[in-house]
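Protein sequence lines correspond, in order, to chains A and B.
One point on numbering: in the working numbering, the residue at position 49 of the first sequence is 49, and numbering is uninterrupted.
One point on numbering: in the working numbering, the residue at position 66 of the second sequence is 66, and numbering is uninterrupted.
It is possible that some hints are incorrect.
With a straight-line cut-off of 27 Å between C-alpha atoms, the simulated DSS-like cross-links for lysine-lysine are [unchecked claim]:
1) A:K69 <-> B:K155
2) A:K155 <-> B:K121
3) A:K155 <-> A:K68
Bear in mind the hints are in silico, worked out from the structure with no lab data behind them.
All values reported here derive from a predicted model rather than from experimental measurement.
There are 2 protein chains.
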Amino acid sequence: MARWHPNARGRLEQAALELYSERGFEQTTVAEIASRAGLTERTFFRHFADKREVLFGGARALQEFLAKKVAEAPDSLAPIDAVATALEAVEFFFPERREYSRQRQSIISANAELQERDLMKLASLSVALAEALRNRGVGDPAAGLTAEAGIAVFKVAYERWIDETNQRDFRQLVRTALDELRAVITHQ
Amino acid sequence: MARWHPNARGRLEQAALELYSERGFEQTTVAEIASRAGLTERTFFRHFADKREVLFGGARALQEFLAKKVAEAPDSLAPIDAVATALEAVEFFFPERREYSRQRQSIISANAELQERDLMKLASLSVALAEALRNRGVGDPAAGLTAEAGIAVFKVAYERWIDETNQRDFRQLVRTALDELRAVITHQ
């Protein structure tokens, strides 16, 4: 029987982040991550498929959360506002999380393979948002375009949120980025 | 001295596309592509870094073209219209090219590694568009958001363009997609 490891997942994520920051993503092995976390490789692979995935452990949860929030948004909301409301509701981006997120992003930015994985995550998010909008009766290509607009807003809000000088919360940053997107798209 | 191979690049692209369609991307080797094109592996590697890149040979040219068109757009154009004008000017998407593009897209859609590469291509395009806009004096985050909006428009136009039932040219599809994006983003 497998031993019970309290918060093994979180410890592995933290150990991976430390090691990737210290010596680089390429130079770190799964064995080293497990060892730093005080766990076995076997435990690592119970939680993550490989050393890349340990940085994207929250992707599926985020996607399911956003799809659910879009589904639950009041019928009266326009599609883009249903998406904005979903993004604003993400509680994952609380202040205590910022340092972790900032470190994670700088590791991803330094590695092409991780950048590709990050883009896949955003593309999957976009697909999931579009699907959730279609379930609200939004047609094509409006569903796809609204989802893409939502992802653009998400990216800008996230970049600003992790910026060291940022004083605003994620919710405000989402609303601001959407207003800015509206401005650039309608300015003729 | 290397032998001169007329249009070796195009022959390799065509051979790769045929083989990827026939037996799948994973199952095809560089040796087989070179052989089908009547060329050597050595010649293949003079043109492409690996068998993935052979599907993305036009990416850099497209990026440079779009950046140049954004730079050349009349000063009077709003940023989003400078981007739309650049996209409309892409002559790469002529009718005779459609079958090739359609096949290429279905190969990419069937393979996660190729999808990641395709997303990287679009992300690079977005970065290049944003940079070209900054050179026109557009600030941040307007430059980034406008570029992202341009990429969303590009994706929708391209998907429709390769659709078998499509009767419109790429230029019209760009303009339509931009109008649709405006509609979804401003509808409150």
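We went through each hint and held it up to the structure:
no. : hint              : result
1   : A:K69 <-> B:K155  : holds (26 Å)
2   : A:K155 <-> B:K121 : holds (17 Å)
3   : A:K155 <-> A:K68  : holds (20 Å)
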